[in-house]
Structure formats: structure tokens, C-alpha cells
Amino acid sequence: MRDPILSARGLSREYAPEQGCLAVDLDVWPGEVVGIVGESGSGKSTLLRLLSGQERPDAGSLIFTDRAGQSHDLREASESEIRHLQRTAFGIVHQNPRDGLRLRISAGGNIGERLMGIGARHYGEIRAEASRWLAHVEIDPARIDDLPRHFSGGMQQRLQIARNLVTNPGLVFMDEPTGGLDVSVQARLLDTLKRLVYDLGISVVIVTHDMGVARLLADRLLVMRFGRVIETGLTDQVLDDPQAAYTQQLVASILQVS
Amino acid sequence: MPSIDVRAVTKTFILHNQGGVQLPVLRDVSFQVEAGECVVLDGPSGTGKSTLLKMLYGNYRADSGEIWVRTGEGVEDLVAVHPHRLLQIRRDTIGFVSQFLRVIPRISTWDLVCEPLRRQGVDESRVAARAEALLTRLNLPQSLWSLAPATFSGGEQQRVNIARSLMVEYPILLLDEPTASLDAVNREAVALLIEEARQRGAAVVGIFHDEQLRTRLADRLYALESAR
Numbered sequence: 001m002r003d004p005i006l007s008a009r010g011l012s013r014e015y016a017p018e019q020g021c022l023a024v025d026l027d028v029w030p031g032e033v034v035g036i037v038g039e040s041g042s043g044k045s046t047l048l049r050l051l052s053g054q055e056r057p058d059a060g061s062l063i064f065t066d067r068a069g070q071s072h073d074l075r076e077a078s079e080s081e082i083r084h085l086q087r088t089a090f091g092i093v094h095q096n097p098r099d100g101l102r103l104r105i106s107a108g109g110n111i112g113e114r115l116m117g118i119g120a121r122h123y124g125e126i127r128a129e130a131s132r133w134l135a136h137v138e139i140d141p142a143r144i145d146d147l148p149r150h151f152s153g154g155m156q157q158r159l160q161i162a163r164n165l166v167t168n169p170g171l172v173f174m175d176e177p178t179g180g181l182d183v184s185v186q187a188r189l190l191d192t193l194k195r196l197v198y199d200l201g202i203s204v205v206i207v208t209h210d211m212g213v214a215r216l217l218a219d220r221l222l223v224m225r226f227g228r229v230i231e232t233g234l235t236d237q238v239l240d241d242p243q244a245a246y247t248q249q250l251v252a253s254i255l256q257v258s
Numbered sequence: 001m002p003s004i005d006v007r008a009v010t011k012t013f014i015l016h017n018q019g020g021v022q023l024p025v026l027r028d029v030s031f032q033v034e035a036g037e038c039v040v041l042d043g044p045s046g047t048g049k050s051t052l053l054k055m056l057y058g059n060y061r062a063d064s065g066e067i068w069v070r071t072g073e074g075v076e077d078l079v080a081v082h083p084h085r086l087l088q089i090r091r092d093t094i095g096f097v098s099q100f101l102r103v104i105p106r107i108s109t110w111d112l113v114c115e116p117l118r119r120q121g122v123d124e125s126r127v128a129a130r131a132e133a134l135l136t137r138l139n140l141p142q143s144l145w146s147l148a149p150a151t152f153s154g155g156e157q158q159r160v161n162i163a164r165s166l167m168v169e170y171p172i173l174l175l176d177e178p179t180a181s182l183d184a185v186n187r188e189a190v191a192l193l194i195e196e197a198r199q200r201g202a203a204v205v206g207i208f209h210d211e212q213l214r215t216r217l218a219d220r221l222y223a224l225e226s227a228r
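Quick note, the sequences are listed as chains S and Y, same order. If you read the first sequence in this note's numbering, its first letter stands for residue 1, the second for the next number, and so on. If you read the second sequence in this note's numbering, its first letter stands for residue 1, the second for the next number, and so on.
Heads up, none of these hints are tricks.
Pairwise CB distance ranges (calculated): (1) S:R228 - Y:P24: 28 to 34 Å; (2) Y:P2 - S:D73: 43 to 49 Å; (3) S:R228 - Y:T151: 38 to 44 Å; (4) Y:T151 - S:A135: 22 to 28 Å.
Which stretches of chain Y does chain S cover? Using the computed rule of at least three CB atoms under 8 Å from a CB of chain S, they are: (5) 15–25; (6) 52–61; (7) 83–97.
Computed from the model, here is a short list of chain S residues facing chain Y with C-beta under 7 Å: (8) D219; (9) R220; (10) D241.
Hints are computed from structural coordinates only; laboratory data are not their basis. Even glycine gets a Cβ: it sits at the ideal position worked out from N, Cα and C.
Taking the hints into account, I'd like the entire structure generated from these sequences.
Right, here's the structure in full:
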């Protein structure tokens, strides 16, 4: 068993009593998808922001190990080191694609910008790679020069994913990536995500309130409530044999809807 | 050393949202399965056959007891292993044929079936040869291979499921009513595949309601009694 690439112990960030995220332990291993589920206000998005360095913890430790085997203490790291990691080693996919895309530059530019951020300079190669990635996420490469604001919500989200994956980061954070999309568009996006995760062997931490999304994408789950992790396990363990009263309620309410 | 060694396993479902009702399902269950042996779980409905099978896959969790399985790295207790390790054990050691196919809607039958062997990093030509052989033996016409199974009949979906679960030659094979929605021809095809798995040394644990199939496959019955 290889070592985790991300390891959190006692990670906390409290805004107000029971608001935020409290004493979370979490390991992420290479190539696995970890789902964080819970209602809004349960602290799952705060946890994601802590794990991805978008916010600093009040307490606890957080260690990221990059592909070269170098460990980074994300609690103590400087702002510039964190920005560097976010550019090179992490992908961050926001719920609203508008938060993760640059709407005034072309689709190809959105992907190419990330490549240039890690040192790519050859225009032809950048464009070819951008075009390849548009195809990967099922956007017609002929639209490479179009602005993302002319894309549908589903296409914008796929573009955001391409922009995040093009640099081949080891670890990708996603906050409700299917949140604002129609059900049929969601299914297609989930397929694309599943395939990319599998082909690239990346690790993913995904926040969702949708148990169907969790079931399809995640290998393991953490259930959060009032800022704490109340249950963990393999996705099928948590959904088929939930232990905590709250998890049982969550699973039961989902089944009634679907 | 058995392939599966279940020691004093106990399981009670607690329904927190129905007044905390406790449903004891398994009490002090112990049994072993050797390599090359097929054990059929027996007993009236409600005695926990399906629950026990799911626990052997680490899907349902045990309240107490141990479930030791022989893996490539020795013997490991499914009750105690880290979930991350359990995933690896499933990938390499334990196959589970459930009654239902649960998959992402748009993925083709071919890719679904190939996936478990691809995940082990096996060469694509060997993966393709194995998938073709299994799909053919399970009488799934080639015209269906490129389609997603969502629109298939129950029997067809079940056979896709079986093909997928038998792609890897797992040392341990768990079968939950694998022939429930199949006709006689396909029941026979599945019975042959299970016999072959046993002959190559797999430890097989199954639930079969079909009396004929049970008599034919079982080396031994393990009788479960009501825990209530």
C-alpha cells in the first residue's frame, strides 16, 4: 500500500459554534475518489477549501506529498508556495463554471493559459493540446476560438474540467461539479469525469449533496454534520449499510426521491 | 489454511429512524471455505444469507467477529482492514455477482465487462480475448456489445453482470442468485462457468434458490438459523 498523497489530522476551522469544520482526519491515496457528503451548512465546502489551500486551518495538520515524493506542510506553507501548488499539482473545479473560467478569453485560451502557467511556450503545441482536451471532454474542437459565455452550462463545466486537468495534476478538488446542471447533462458529465479519473489515475476529493453522484464517482465517503465527520467507509458500505442515525436518514430520503 | 475463515460474526441492523428498532440478523456465525470448494448458504428467507454474503465482500459491516480471507499478501481480516485496502482486496481477490447491474448509464457493455481486468493493468489483447469468450458463452449477441445495457432485458443485464464479475479469475467468488432471471440455456452456461471457477481453485460461496443448480454445485450447505 503506497502512502497517502494528502493527509489531514485534526483539521479545524470554526467560524461559529458548530459552523465550519472540526477535527477532521482524512487520507487520500493515489488514484482514489473520496466523496464528502452532507447537507448544506455541514462544513463540507469549508473542508474542501482547507484541503485545497484556499483557506487556512485554525488547528490540525495537513500534509501534501507531490509526485516527486516531496512533502508540503499546507498549514505552514507560504502564500506563494500554495499558489504554486494550486497551479501545478492541484486542480480546483468550482460548482459555478464562471468562478473557474475566464469568460473573456476563448475556450482554447482557457486551457492554454494553464499550460503556459507551467512553462509551455510553443503556440502550436499549446493549441494542439487544447484542441485534444476539448475532444476529451466532448466539446467540438472547432469551437476552440469561441468564448465560454456562448457555451451551455454543461459545456462550460466540461471546459472548466479540461482547464483543470490539462496540466495533469495529481489531485483534483471538486465542489458540487454537477450542481447547477440538468439531470441528463449531469449523467453525461459524470461519465466524462469517471472516464478521465480512471484514464489519468488522478486522485479526487469531491463535495456533493447528491448521493447518486457520490454512488457513481466516489470510492470512499465521509459523511459530515455540524462540522464533524460522523461516518466514513467505502461508498457502498455507507450507502447500503449506514450506521449513524443521520446517515440512515440521508440515505432513506434519497431513495424516496429516486 | 482456508480461503475464507468466518469467526463468530454478529450483525444487528439498528433502524434509528424507526424508533431505534433492532433487527438481529446473524449471531455467532462461523464457517470456513477451502480453495476449490463451493459452499451454498441455506435457510429460509430472513435468516441473513444475503447479509452474510455481503459481509464476505465487506459491503455490510460486522458488529463483532472476524472475516479472514486469503489474499496475495497473506490472510487479512475484512472487518479490520482499512477501506482503502479493502478496495484492493476486492480488485484482486474477491468477485461478487449480485442480482442487479448497477452502472453509469452511458458506458457500453464491452467497456463494463472489460473494466475489472483492465483495472489490474492486464494487456488489452488478453482483456479483449477474455471478454469476447465470456460474452459469447453467455449468449450475448455481438450486436449488443457496443451498447449500454440500460435498455437490455433483465436476463441480458444479469448476463452482462456475470461476464463482468467473471473477467478476473478471483480466488474467491461470491454469488447472490446469479441465475435468478435466466432461461434454461443460460442457466446452464452460468453453471458451467461456476464449475470451472471451482476447478481452477476458487473458493465459491453462493445463494441459489434453484434446487437443481444447488445440488449440482454445492459441495456443502451451510445452514443459517434465525437470530431473532
